[in-house]
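Enquirer: Spelled out from the first residue to the last, the chains are:
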Amino acid sequence: MARKLLLTHIDVPGINTLEVYRQKGGYRAVEKALKSMSPDDVLEEVKKSGLRGRGGAGFPTGMKWSFLAKPEGVARYLVCNADESEPGTFKDRYLMTHIPHALIEGMIVSSYALGTATSYIYVRGEMMPQIRILEQAIAEAKNAGLLGKNILGSGYDLEIFVHPGGGAYICGEETALLESLEGKRGNPRIKPPFPAVSGLYGCPTVVNNVESIASVVPIINDGGDEYAKIGIGRSTGTKLISAGGNLRKPGVYEIELGLPVEEFIYSDEYCGGIADGKRLKAVVAGGSSVPILPANLILKTSTGESRLMSYESLAEGGFETGTMMGSGGFIAFDEDQCIVRNTYNFTRFYRHESCGQCSPCREGTGWMEKILYNIEHGQASPQDIDLLWDIQRNIEGNTICPLGDAAAWPVAAAIRHFRDEFEWHINNPQEAQTKNFGLAHYADPLAPLAE
Amino acid sequence: MLSVKENLIVNFSAELLKSFTEIVSRYPEGKQKSALLPILHLVQEEYGWVSTDAMDKVASFLSIQPVEVYEVASFYTMYFLEPRGKYNLEVCRTGPCCLVGAERIMKYIEDKLGVKEGEVTEDGLFSWRGVECSAACGYGPVLQIGPEYTYYENLTEEKVDQLISELKQKVQNT
Ligand SMILES: Cc1cc2nc3c(=O)[nH]c(=O)nc-3n(C[C@H](O)[C@H](O)[C@H](O)COP(=O)(O)O)c2cc1C
Ligand code: SF4
Ligand code: FES
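As you go down the protein sequences, you meet chains R and A in turn.
Residue numbers for the first sequence follow my numbering, so the first one is 205 and each next one is one higher.
Residue numbers for the second sequence follow my numbering, so the first one is -1 and each next one is one higher.
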């Protein structure tokens, strides 16, 4: 069995309560940090751990914290990003539902390290059940003297508030999130200045993902060096992967980074293979924004090495033959799925979620959606594929926030790896209405592992 | 753009105003505008939607301009600027859910309720719409119903039938 750090006690009845969470060793990290460590000691352990942001970009958390400006007499903020809306991603909801205190404990330790007196958890508004759960957990912690004034007699004061969003994927982008938290529309800000210098209310701010913050707890309990021993290379520790699509056992799994993709998909400890005995066609490994890969390239890199669930291995080959870890939203497509239809669906999503500030994103996503609709519905011409390629290329890198890239990459990857499926749709408009292209040469190169 | 078809004159109860004040206290002095999104959720929970009059009164409560409320309420998808059914079924229509049959479920709901997306059934009980990824992709197809936003996962036609009759029953019993 793989080592677990976040979900160790997930199956313990009542682990959502403070009492059971403490019986299982919960809030030891708060005691240790506040009673025996300085804020800089905590930062040092997080740096040593090699923890990388689990929200999507994979930026080292310790380094992000060390950039936080600390002018005298100015408030600083920690804001937890619990907006979780990247298609394919549902790990933060799982963690907050079942072990809310893991997030609250991580928030206390992280806030202490950063020197904040008030910290916020920005939760997407549709997660009303999770908002209630977190508010309950905060009230319990406060009752136990783990929050509020003079926590555990350390002299450190902290309040944590939960803030609901209003339904907008763009508010997961950190500067849009800050705008939203200030009671405005979720329009991303131009960077620089970065939030570390000018964030919430113009004050220095750190924004971190739920899982990043929860990971600080085992890092403080066991030490950064111990954490860094798990994983592979610069991909240290464990990662929550939310697996969906056509899998026998979809769900949230905690893996040690470095697990082979093949084992993750086919072994019974994880996803148990493809549902209904079908074959694997393609995978989106890290949420809808990352490039889709055909089965042969997700299981092995272009050099024939086994592909691993790590930041480096997933990215091996660049965008030509690789993809990204992203948020850990793992989506498996079986042989009967249509890549054109899915690309159209994703593009419709990005058009719907574009905040509209930059023309390449606002106009480009709408234009791509129309062309993809036409291809899917047998109303396109052969030049449309090249047009689509041009549009996505002109969005990438030309926008205020990365949503533009996130909309461009899935289209580029679908054309790159599945061009003949697009061509088939265009050349066989009638047939494409009633039947799917199927596997063709993307066939799963590996037999399923023995049961 | 704020296209107003209908208004509803509201009078916030003392209890509601007390909750507003508690929410404002979570933010620093002078940053009361931060309370806008959570307050709009409470307004919608109370009245089922957010009317112009309600937005005007929220603006004056927060000492901000009405337009600051309109632009926010119209930006976010969760706020309804016109009445919906008592139960608004929000079905996820994003890629991963479509891999496991979300489109079929949406069509089934449309046929069963006999109303198109965004419309309300004659008895005022139901409406439905497609929404984007609800962070439940491993348990799709999935729908949510406000204001509690309870999740209904791994939907089948049978589960939809059952849910709708349960909700009808609930109304009859009250
Ligand atoms: C369009 C867009 C959506 C995003 N959505 C999320 C999200 O839902 N949750 C999240 O943690 N990060 C999201 N991010 C990444 C955040 O901007 C930010 O990098 C992250 O919260 C930082 O936390 P981390 O360093 O702990 O990963 C999104 C980014 C973009 C561009
Ligand atoms: S890239 Fe798109 S979402 Fe991001 S700021 Fe520009 S228009 Fe808005
Ligand atoms: S795609 Fe439906 S919940 Fe994520």
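Hints in this document: simulated from the structure, not taken from any laboratory.
Remember, it's a predicted structure, so these values are computed and weren't measured experimentally.
By construction, the Cβ of each residue, glycine as well, lies at the ideal position given by its N, Cα and C atoms.
One or more of the hints may lead you astray.
[As the list claims (entries may be wrong)] Below are the PhoX-like pairs computed for lysine-lysine, each with C-alpha atoms no more than 20 Å apart in a straight line:
#1 A:105 x A:157
#2 R:388 x A:31
#3 A:157 x R:388
#4 R:388 x A:84
[As the list claims (entries may be wrong)] Covered stretches of chain A, going by a simulated chain R footprint (3 or more residues, C-beta under 8 Å):
#5 5 to 17
#6 33 to 46
#7 77 to 84
#8 107 to 119
#9 164 to 171
Enquirer: Taking 8 Å as the Cβ threshold, is the statement that the stretch 77 to 84 of chain A is covered by chain R upheld or broken by the three-residue rule?
Expert: Coverage by chain R is violated for the stretch 77 to 84 of chain A (1 residues, Cβ < 8 Å).
Enquirer: How does the coverage statement for the stretch 33 to 46 of chain A fare against chain R, requiring three or more residues with Cβ below 8 Å from a Cβ of that chain?
Expert: Holds: 6 residues of the stretch 33 to 46 of chain A have a Cβ under 8 Å from chain R.
Enquirer: Given the hinted pair residue 157 (chain A) and residue 388 (chain R), is their Cα-Cα distance within 20 Å?
Expert: 38 Å, violated
Enquirer: Quick check: the stretch 5 to 17 of chain A, covered by chain R? Criterion 3+ residues, Cβ under 8 Å.
Expert: violated (count 0)
Enquirer: Measure nothing beyond the straight line between the CA atoms of residue 105 (chain A) and residue 157 (chain A); if it is 20 Å or shorter, mark the hint as holding.
Expert: 14 Å, holds
Enquirer: Are there at least three residues in the stretch 107 to 119 of chain A whose beta carbon sits under 8 Å from a beta carbon of chain R?
Expert: Per the Cβ count (0), the hint is violated.
Enquirer: Does residue 31 (chain A) lie within 20 Å of residue 388 (chain R) when you go C-alpha to C-alpha?
Expert: 8 Å, holds
Enquirer: With a C-beta cutoff of 8 Å, work out whether three or more residues of the stretch 164 to 171 of chain A approach chain R closely enough for the coverage to hold.
Expert: Coverage by chain R is violated here, the residue count being 0 at a Cβ distance below 8 Å.
Enquirer: Check the hint pairing residue 388 (chain R) with residue 84 (chain A) against an upper bound of 20 Å on the C-alpha distance.
Expert: 28 Å, violated
Checked against the numbered hints given earlier, the structure breaks hints 3, 4, 5, 7, 8 and 9 and satisfies all the rest.
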